[in-house]
Amino acid sequence: MALMDSTATPGAPARYAAFFNNATVRSVFYQVLTLACVVGLIGYLVANTIENMSQRGMSAGFDFLGVSAGFGIGFALVPYQEGDSYWRVFVVGIANTMLVAVVGIVLATLLGLVVGLARLSSNWVISNVARWYIEILRNTPLLLQIIAWYFGVFTLLPRPRDSLGWFGGFFLNNRGLYMPAPVPGDGFALTLLAVAAGLVGAVLFARRAQAIREATGRIVPTAAPVLGLALGLPLAVFFVTGAPLGWDNPQLRGFNFVGGLNIPPSFCALIIALSIYTSCFIAEIVRAGVQSVSHGQTEAARALGVPPGRTMRSIILPQALRVIIPPLISQYLNLTKNSSLAIAIGFPDLVSVWMHTSLNQSGRAIPIVAMTMGFYCLVSLAVSLLMNQYNRRILIKER
Amino acid sequence: MTAPAAATPPPIELIGLNKWFGSFHVLKDIDLRVREGERIVVCGPSGSGKSTLIRCINQLEKNQEGTVRIHGRAYGASARENDAIRRDIGMVFQSFNLFPHLTVLENCTFALTWVKQTPKREAEALAMEFLTRVRIPEQARKFPLQLSGGQQQRVAIARALCVRPRIMLFDEPTSSLDPEMINEVLDTMVELAQSGMTMVVVSHEMGFARKVADRVIFMDQGEIVEEAAPEAFFTAPQFDRTRLFLNQILHG
Amino acid sequence: MSDVMTPAGSAFEATPARRFTPKPARPAPASTLGLRGWIRQNMFSSAPNALVTLLGLWLVYVFVSAIVSWTLVNAVWEAASRRECLDQVGRGGACWPGVVAWIPNLIYGLYPKDQVWRINLAALVLVAWAIPLWLPRVRSKLAIGLSLVLLFPFFASYMFLGGEKGPVWSALIALGLAAFFWVMATSAAEIATGRSFGRLVVVALGAAGRSDAYRRRLHVAALLVLYVAALAVTASLSLSFVQTRLWGGLFLTVVISGFGIAFSLPAGIVLALGRRSRMPLISLLSTTFIELFRSVPLITILFMFNTMLPLFLPAGVEVNQLVRAIVAVCLFASAYMAEIIRGGLQAIPRGQYEAASAMGLGFWQATGLVIMPQALKIMIPNIVGNFIGLFKDTTLVSIVGLFDLLSMARAVGEDTRWLGLFLEPFFFITMIYFVVCFSMSQYSLNLENRLSAGQRR
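Protein chains in written order, with the working numbering: chain Z, 1 to 399; chain A, 400 to 651; chain D, 652 to 1108.
In isolation and in its complexed conformation, chain Z is listed as follows (with noise of 0.2 angstroms):
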């Protein structure tokens, strides 16, 4: 660097300082090196790669895809059997590790709103519960929590024998929760449609009576109406077609249950330990969010003589979102990311099933991190496209 900062010194060496002191040189000469190191680096990656690769006898090639990967999948979420070729085990990795993320999203949303809104409660003993809640939680490693709810409470309950029951239909025990299974009888398509035909009234009425405020200024209730529409039309019809739907209740036979649905183990810890973590950063997103928007804004609408819940919805609402949903759509890049963690307690997702078994079954490695890694990385790039979108919509309009 000594001999780049160098201006003054006289002579010959002067017309190299002041070469090296144009902009443009410095900049392009510093580039060429540090490609030629990269280039070179990878280069020397690359050459003993392939050496050891065909010392090993190990190919890079995609052509395993279409082969038989020959071993079985504890859970699916899209049909798999074993002799299924290793494309299937990676959409089924694909399709388990976004069950898992869906899932896990929605719980880690819901309790992360009712934390961050406890902690924002002038309660002091609800605002300190929510405090602790968080700070124990997120201080202890998040694979410490799946293994611990996994070994330390899934795999230590009563064998299905003594199952823990609820309500006749629902049994917990070592090998998951068991549930009844909907079985839809002739009409309960009609019930679908009812779903379909409730929201969009739901949407309409709510579009109507928008209208009908500005034009006469009169102020429809919608939370009833659209409730209505959207829950309780299925619900009459869904009665009045004869309650088209059956259950297929898990029964005991002999030391397992046979029919219903089962949630495995592995599953259930995961997802818990999962959105209980996650709910804590959202909590503190949610808390950060609301106490953003000034008390001002608060008083303001107070002493125009708007009541508290309008307040929320139209002025404090719209403006902490802002501030909320940046983070928290990292925070669900987050927790899809962890998801992986399943591995841990062998809950069968994309990197557990492909990263893991996959690699170790075919030999290879190239291609299989690469689509894992390729699967991983397009995630982020779509979510930080939207994103971009979003911020750039959502800007408050400054001088």
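Derived by calculation from the structure, the hints in this document are not laboratory data.
Hints should not be assumed to be uniformly reliable.
Claimed, not checked - Computed list of lysine to any residue pairs in SDA-like fashion (alpha-carbon distance at most 20 angstroms, straight line):
| # | chain 1 | residue 1 | chain 2 | residue 2 |
| --- | --- | --- | --- | --- |
| 1 | A | Lys610 | A | Glu626 |
| 2 | A | Lys461 | Z | Thr298 |
| 3 | D | Lys674 | A | Phe638 |
| 4 | D | Lys792 | D | Glu815 |
| 5 | D | Lys764 | D | Ser1058 |
| 6 | A | Lys519 | Z | Arg218 |
| 7 | A | Lys427 | A | Leu413 |
| 8 | A | Lys461 | D | Ser682 |
| 9 | A | Lys515 | A | Ser477 |
| 10 | A | Lys461 | Z | His295 |
Said to hold, decoys possible - Going by beta-carbon spacing under 8 angstroms, a handful of chain Z positions derived as facing chain D:
| # | residue |
| --- | --- |
| 11 | Tyr30 |
| 12 | Leu35 |
| 13 | Phe257 |
No residue lacks a Cβ here, since even glycine has one placed at the ideal position from N, Cα and C.
Take the given structure of chain Z and dock chains A and D to it, following the hints.
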């Protein structure tokens, strides 16, 4: 001056008001009665309780002792009733407190549509009328943070006026403005005063007080030290504390 | 406005002033004061509020009493196996003897018992090295901190690993040791006399009045003496070799996160500067690296290095598992650190850059002396947050077969004598993680408050 008790109740009536922040006694036995159309300027050193006083008038701060009556109605029955009483009172804050995510026009129509249930078109017409009165109708579609401080404060005044209050409270409306913007806000307030609005203004703008006030109130350490018509107040203040204060702000 | 100004203040004095005597302040109504008032306002201000308070208190009671009765009241403290515990209290109480028996393993892993003193000694040195950073009278904090991050690892590595040491390795170890001697000497000197070690040597030799060059030579000579002493100590040290396979427990967790922390800060600074660079190629490369490592889970990086590192290196070069894990953790941590530092750099107003270049500072001087210190300072809370995350994330190395604290805790339940004993060791290590992370976060919160207090006005 002594109106019969049976006559219309005064717009603002404070009786034996006491307020504490924690164990700190901010307002001590305040009694104040404001007549219809009266303009009052409240001044005093910082920490004297003047802001707390006017925030008690619309109950942004709750007093622990004493009664606040607005047009004869006392606060406290229910949150809904308190909101109803507040609708007669407009308030302008030191830091504007405009809603930054709504346009200037939406800021003005917000309370009209959600509280007074005014049709949108009517609300917008009314809002434009008030924006014209504060001389910024051309800014209606902009967002508050795109405006200068003085313009923002004028929007805040228009927003408060839109709900047709019978009383206006101003809490140091010019304290956070650059000097060249103070006058545009004061001019708006002078016009409002001339239209006969009942006003309580916390301010150190003595020129404004001279021009429009019917009464100037000087507060210190949570009490009303002295109240008088502006002429008497400025030329012959009774108390040593008032004289000290006036000397400081007029010659400091 | 001047037209309304009153005449001169003297006009007031025409009439005698009345004296204003403020009324004495009364105490607030009893219902809002004291403990009772506080409880009333914060817990029972309304009926629903009171109900929620009771619900919260009930929750706390249920939770705390369950924990206390399990960990203390019903717990078994003496037993030879889990069977005995279960016979005594069943599952109603904790079975601590298993954890107690495993404590050495939980802390040191499988490190040979007779060699454990080496870890303890290195830990002691680390603490002694770090303490001066918090002593107000010590002024050479920057040098102490830098030497801690850059030179302590050499000394510690030898203490942990032992075995043969060639001349280069010996020189580096001695460098670490000499730095420690210097830190001790200079902090003792500064605390006692307010002068640094070098100055003190100069004064002690009665050379205070001599020329600058002479004094500098004397200073260098003193440092050389320190180094030679350190070399002698190093040469006399002969520690047996302990394979990294035997490293484990809390010790391994600290080693991995220590490496991660020490590496991620400088690497993060370089990457952040690279990403902000105006040179497109450098910016592109840094951005790619950062975004790649940030968008994939740490476990995939650990797996990748586990399977790919042997392929990347020339045939015959063996890289042990610990090194693979440390490399993965370091790269992962630096990508996150880079984004934090970039955030700090973005928060520095343009005026600072302009002021620095107006003073004639070049890019590196401006960055190193003006911009970076500020950026690091405002980002301290986030940096500490990243360290906490790193410390928690080291648990993932248990998945690739290293025996960190978490794996050791799992191993308790797989010991035939303590078969199935999971909750107790998990509870124990949860406490360790919580105490470490929580105190770090409280410290950073404290620091943040002090910094923001300094910025206000």
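How the hints compare with the structure:
1. Proposed proximity of lysine 610/A and glutamate 626/A is supported: the alpha carbons are some 16 angstroms apart, at most 20 angstroms.
2. Restraint check for lysine 461/A and threonine 298/Z: the C-alpha separation of about 15 angstroms stays at or below 20 angstroms, so the hint holds.
3. Restraint check: the Cα-Cα separation between lysine 674/D and phenylalanine 638/A comes to about 15 angstroms, which is no more than 20 angstroms; the hinted pair holds.
4. For the given pair, lysine 792/D sits about 34 angstroms from glutamate 815/D by alpha-carbon distance, which is inconsistent with the 20 angstroms threshold.
5. Restraint check: the Cα-Cα separation between lysine 764/D and serine 1058/D comes to about 19 angstroms, which is no more than 20 angstroms; the hinted pair holds.
6. Under the criterion of a C-alpha separation no larger than 20 angstroms, the hint pairing lysine 519/A with arginine 218/Z is consistent with the structure, at around 10 angstroms.
7. For the suggested pair lysine 427/A and leucine 413/A, the alpha carbons sit about 12 angstroms apart, so the restraint of at most 20 angstroms is met.
8. Of the pairs offered as hints, the one joining lysine 461/A and serine 682/D holds, with about 15 angstroms between alpha carbons and a cut-off of 20 angstroms not exceeded.
9. Under the criterion of a C-alpha separation no larger than 20 angstroms, the hint pairing lysine 515/A with serine 477/A is consistent with the structure, at around 19 angstroms.
10. Between lysine 461/A and histidine 295/Z, the direct Cα distance comes to roughly 16 angstroms. Compliance with the 20 angstroms bound is thereby established for this hinted pair.
11. Because the smallest distance between the Cβ of tyrosine 30/Z and any Cβ of chain D comes to about 6 angstroms, under 8 angstroms, the interface hint for this residue holds.
12. Given hint, leucine 35/Z at the interface with chain D, holds; its Cβ is 6 angstroms from that chain's nearest Cβ, closer than 8 angstroms.
13. Evaluation of the phenylalanine 257/Z hint against chain D yields a violated restraint, the C-beta minimum of about 24 angstroms exceeding 8 angstroms.
When held up to the earlier numbered hints, the structure conflicts with 4 and 13 and fits the remainder.
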